[in-house]
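Visitor: Listed below are the residues making up each chain.
There are 2 protein chains.
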Amino acid sequence: MPTRRELANVIRVLSMDAVQLANSGHPGAPMGMADFAEVLWRDFLKYNPANPHWWDRDRFVLSNGHASMLLYSLLHLTGYPLGMDEIKHFRQLGSRTSGHPERDLDIGIETTTGPLGQGLANGVGLALAEKILATHFNRPELPIVDHHTWVFVGDGCLMEGISHEACSLAGTLELGKLIVLYDHNGISIDGNVAGWFADDTPRRFEAYGWQVQSVDGHDADAVAQAIRAAKAETARPSLISCKTVIGWGAPTKAGTKEAHGEPLGVEEVAATKLRFGWTAPPFVVPAELKAAWDHTAAGRAAEAGWQQLYGRYRSAYPQLAEQFERRMANALPTDWAQTRQAALSAAQAVSAPQATRASSQLVLNAIGVALPEFLGGSADLTGSNNTLQKISRSIEPGDDAGNYIHYGVREFGMTAAMSGIALHGGLVPYGGTFLTFSDYARNAVRMAALMHLRVLLVYTHDSIGLGEDGPTHQPIEHLNSLRLIPNLTLWRPADAVESAVAWSEAIEHQSGPSALIFTRQALPQLARTTAALAAIRRGGYVLLDCEGLPESIVLATGSEVSIALEGVKAATAQGRRVRLVSMPCTELFDAQDAAYRESVLPAAVHARVAIEAGTTGLWWRYVGLSGRVIGLDHFGASGKAPDLYRQFGITAEHVLQAILEAIAGET
Amino acid sequence: MPTRRELANVIRVLSMDAVQLANSGHPGAPMGMADFAEVLWRDFLKYNPANPHWWDRDRFVLSNGHASMLLYSLLHLTGYPLGMDEIKHFRQLGSRTSGHPERDLDIGIETTTGPLGQGLANGVGLALAEKILATHFNRPELPIVDHHTWVFVGDGCLMEGISHEACSLAGTLELGKLIVLYDHNGISIDGNVAGWFADDTPRRFEAYGWQVQSVDGHDADAVAQAIRAAKAETARPSLISCKTVIGWGAPTKAGTKEAHGEPLGVEEVAATKLRFGWTAPPFVVPAELKAAWDHTAAGRAAEAGWQQLYGRYRSAYPQLAEQFERRMANALPTDWAQTRQAALSAAQAVSAPQATRASSQLVLNAIGVALPEFLGGSADLTGSNNTLQKISRSIEPGDDAGNYIHYGVREFGMTAAMSGIALHGGLVPYGGTFLTFSDYARNAVRMAALMHLRVLLVYTHDSIGLGEDGPTHQPIEHLNSLRLIPNLTLWRPADAVESAVAWSEAIEHQSGPSALIFTRQALPQLARTTAALAAIRRGGYVLLDCEGLPESIVLATGSEVSIALEGVKAATAQGRRVRLVSMPCTELFDAQDAAYRESVLPAAVHARVAIEAGTTGLWWRYVGLSGRVIGLDHFGASGKAPDLYRQFGITAEHVLQAILEAIAGET
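From first to last, the protein sequence lines are chains A and B.
If you read the first sequence in my numbering, its first letter stands for residue 230, the second for the next number, and so on.
If you read the second sequence in my numbering, its first letter stands for residue 230, the second for the next number, and so on.
Take the hints with a grain of salt, since some may be wrong.
[Said to hold, decoys possible] If you anchor each label on the Cβ, the simulated ranges turn out as follows:
{"no.": "1", "chain 1": "A", "residue 1": "Ser574", "chain 2": "B", "residue 2": "Arg504", "range": "45 to 53 Å"}
{"no.": "2", "chain 1": "A", "residue 1": "Lys869", "chain 2": "B", "residue 2": "Gly312", "range": "18 to 26 Å"}
{"no.": "3", "chain 1": "B", "residue 1": "Ala560", "chain 2": "A", "residue 2": "Ala464", "range": "55 to 63 Å"}
{"no.": "4", "chain 1": "A", "residue 1": "Pro831", "chain 2": "B", "residue 2": "Ala802", "range": "34 to 42 Å"}
{"no.": "5", "chain 1": "A", "residue 1": "Ala756", "chain 2": "B", "residue 2": "Ala802", "range": "38 to 46 Å"}
{"no.": "6", "chain 1": "A", "residue 1": "Arg368", "chain 2": "B", "residue 2": "Arg504", "range": "53 to 61 Å"}
{"no.": "7", "chain 1": "A", "residue 1": "Gly323", "chain 2": "B", "residue 2": "Glu882", "range": "52 to 60 Å"}
{"no.": "8", "chain 1": "A", "residue 1": "Thr463", "chain 2": "B", "residue 2": "Ser443", "range": "27 to 35 Å"}
{"no.": "9", "chain 1": "B", "residue 1": "Ala802", "chain 2": "A", "residue 2": "Gly415", "range": "20 to 28 Å"}
{"no.": "10", "chain 1": "B", "residue 1": "Ala560", "chain 2": "A", "residue 2": "Ala581", "range": "25 to 33 Å"}
By construction, these hints were calculated from the structure, which means they are not laboratory data.
Note that CB positions come from ideal geometry on N, CA and C, so glycine has one too.
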């Protein structure tokens, strides 16, 4: 039987060799973490390489994603369907072994990491989801949801602010099955961290209410003992600070920043192998080591045990089991169509002017009662974001039976945690903040989009229309800058009915996040034909039309649709043929076929006007060089909303003027 | 003489009344902080209301900016030129009393706050600037730079991740003259924070190496004693945790979330005044209280003392004094034109292909030797961002004589700290990270733009051209999303010469931040005429022209200019008349007069093609509906850069094809 050290050295050798062959990558961190990774993956982690989708597997997150070769080595060695050919093609186009791990559950990659700190926050979401589902589904003697979340982090993750947000929340919510192993090697890209990171990290995590242990990360027995203690601690999350040497084993580069982000070099690799007594050729793992690493049989047995348990659960609680299976498969309830209709009907019943954030809440109330997987929340703006449903119940320390998270003033942590919740399965997270503060969370929004996660982002107070809070709180560039994120679907509804459609579409859209943008101020309810109603889901549609080919088309979103409507009516009263297009979701409109787009925006009509209370930039794509865009390319100001709209020219008069000018420019 | 409590109550009354009149705002925090604010502003803070620009004043930052009425009250009462009329127009359009404080040094507002946690990071930058300038300028017995930075924070600030980044850095860098008073009222918008924020904050700050004291924030003597101890501590930054009651004094709403973000209501205001024994009409401060608050004479005397000291310094060290005055006035050295020329010459001497991040470093070396106020740094990517100059010297614990900050993996904290440094004056900060991670700092970039600060943001690895690190690290939407931020100037140079111009322009541009975007991969040096060279600073210019009116115009930036050039040459070889426009800075091009813009992009030419290795969105504004845009509206992939460019069609062949198609579409 090989020693633990020999087993760990397999990871080291594979990591060195793959980085060397790619001539690119990070060898030092995998080499430093190899010893404690071996302990976790061979003695503790619950997984079945033959079924990476097993619902009750432990979740493993490599938050310091640049150490990707550690994960690829582990997946390959333990028996996941990740062949040596993929390892050899590390960091090459078309391989599954990207520079940083990319969510790919078929081979066991739970989440995409690399942007530091976010994997840790994903882990908090994963552990939170486990806890909530366990509370909801488990029954005496039948703990069908009962797994740990393990996160590896580096110094970089712990310098990032998101680590504070996520770990403070994890401590407060007592995520006892979250266990973080900290690769405390003291080296970051600029060198020894003493010059810029002098935290007493154990003390910091104690301040968060965590269990904290410090061990020699190269002492397998000490690591194993710490892991046992962490598992035994069920009330508090655990941090195991593992003191390590980056590039452990490399004769001249170990412990230096040179081991961090570039190949060790042929000579250093050879010298390291010599010290390891490693004689096999590159990318060949001796059979004895391979056998000792192989987790296929153990993994099958582990899952089989759970399947037995689950069989008993299914017999005892068939309805709960059905719900569990549906939710873990991310399928909507069978009566979803009725729920969708109920939400729409509720919205249609609104006749008085209403802020769309209030319309959103109305819709949430209609949907939430029929969607037990719905998990709400807000970054400490619950009353302002209108994210609370009538049936919402807060999850707080000691009470996990609810369906609403007070994330605190932690936009970034909230968003990355929501990704973790979505990654876990069984829950559909939505969470609110002010649109301006989407900035704080921006890279987590991007990561949700990159991972194709159904994360529902509720952004209220969506323009200068929020008024007195002033320019710090008034989003100007945010609508367009969010639209730029690939695979993010942004809805900016104009009234209650569009709000209902937006929510329904967002919930049905499984392959990416949606941003749902709502106003603080009241908006009138719009009249629309049956055809227009049906077309909302196409993202852009004709709300009001003229006879024949329009002379001009006006495009508007959200709170500016009713302003545009006034302007269009005024132009019509002057005998102009003008069409009004409501465009709540540009991404969906762009995805329609050419015939539909032409039917809404005929190429022959050049006198186009767009209006949106934000930057004009992206609208030129719809109106062209001969069009007009009414918006704001500067910051807002503190004042009453109507004063601001007037001051900045977001008015029906201006729409009318632009229509007439655009038409005149045409003739 | 009024009691301290009576003096504090003036703040409470003004805050209640102003919020009530505006029918909008946050009364609770000013009322809770009034007692300790009174102690600081009347007994400790060094300031001269008659000269808010006094260089050696203490800096005061209200990081929990929603408590703006606290600051406005203090400024009004102590004698800054902020009249009662402004207080009465709190939160109204055109007033200087915005919903959240906006940088307005003429009335004593040091920085714009509201987005939580960022004021605290500004404070770290302010204190860091003080320390660096003190080390550089002070001489024995002549401490001309010797002031404290005071920051008020709330629970929200301390939940935000940026508080971790900023305070960890402050502890490491031993910013002993930074003193933070924490309004620990335990109430955030969602209610009692116990459900989402259970940190032992004193312990957390001890982990950062801070001095920590906890006091009753309503006990003026205890607060005074803590402040004295904090001032006596010169090696460590200080946190004074002040336990307070939000809305202190309000009979039914004190200590509740109802006191947080809305007017107390007429009855509650009346009842509170009754308890205070307050009988004066709204917005009238009784003379005795007014007199006790007035700091005009004391402030004049304080500055006069410093002026005497400075007079002695000036006599003893005239050259240093001259440098000090120049730098504090944010003026460039008199030989700046030569420095600019030297940088350009250095760039012109480059002939081999070179990554623009390397060109940037070349320029930095040419400029840095003549610009002692230049303060470099990176968020732990020094070697990758090429931000180190030959003369750079690191500032580290115990050594403040340098000119380079290792900010650690803290993009958001770095950026907000740079704003603080710029706000202080005397230093011109630049700091680097990867372009993708501008996301982490996005709202701080926005705040620098909103405050018109000369903060220089170095973003390298600017496209899929970074290669193997993959989609998490490849910016796609970032160029356009940064361009959307009002008042931010973005440069994406195509070669060494454009890099030199970009740096020079950014340094000369005093009224806003600049983003300097550089490649990881090598780019060829471009030939250009003298006219083209002179026109770079216009943001967009004709790099290569044809005879007569072009049939087609190609626009490109950065690494795509040389690709576009190949495509244009191929089209020219086929007999087409094609112009190539290099557009390193769209903001500056847009700011040129119509004649210049028409000379570069004649309206008559509709067959336009733009190419940039990022989202296409904003380019439609330049090419119109009949144009073509070559870019990426999806995420990248991990692989070698040339493979990715081919895979995603960012090629000269594609440019040629687009030119021919666009021309064909025209005829």
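Visitor: It remains to establish, for every hint, whether it holds in the given structure.
Guide: Against the structure, the hints:
no., hint, verdict
1, Ser574(A) to Arg504(B): 45 to 53 Å, "51 Å, holds"
2, Lys869(A) to Gly312(B): 18 to 26 Å, "21 Å, holds"
3, Ala560(B) to Ala464(A): 55 to 63 Å, "60 Å, holds"
4, Pro831(A) to Ala802(B): 34 to 42 Å, "38 Å, holds"
5, Ala756(A) to Ala802(B): 38 to 46 Å, "59 Å, violated"
6, Arg368(A) to Arg504(B): 53 to 61 Å, "55 Å, holds"
7, Gly323(A) to Glu882(B): 52 to 60 Å, "21 Å, violated"
8, Thr463(A) to Ser443(B): 27 to 35 Å, "31 Å, holds"
9, Ala802(B) to Gly415(A): 20 to 28 Å, "58 Å, violated"
10, Ala560(B) to Ala581(A): 25 to 33 Å, "59 Å, violated"
The structure fails hints 5, 7, 9 and 10 (numbered hints given earlier, in ascending order).
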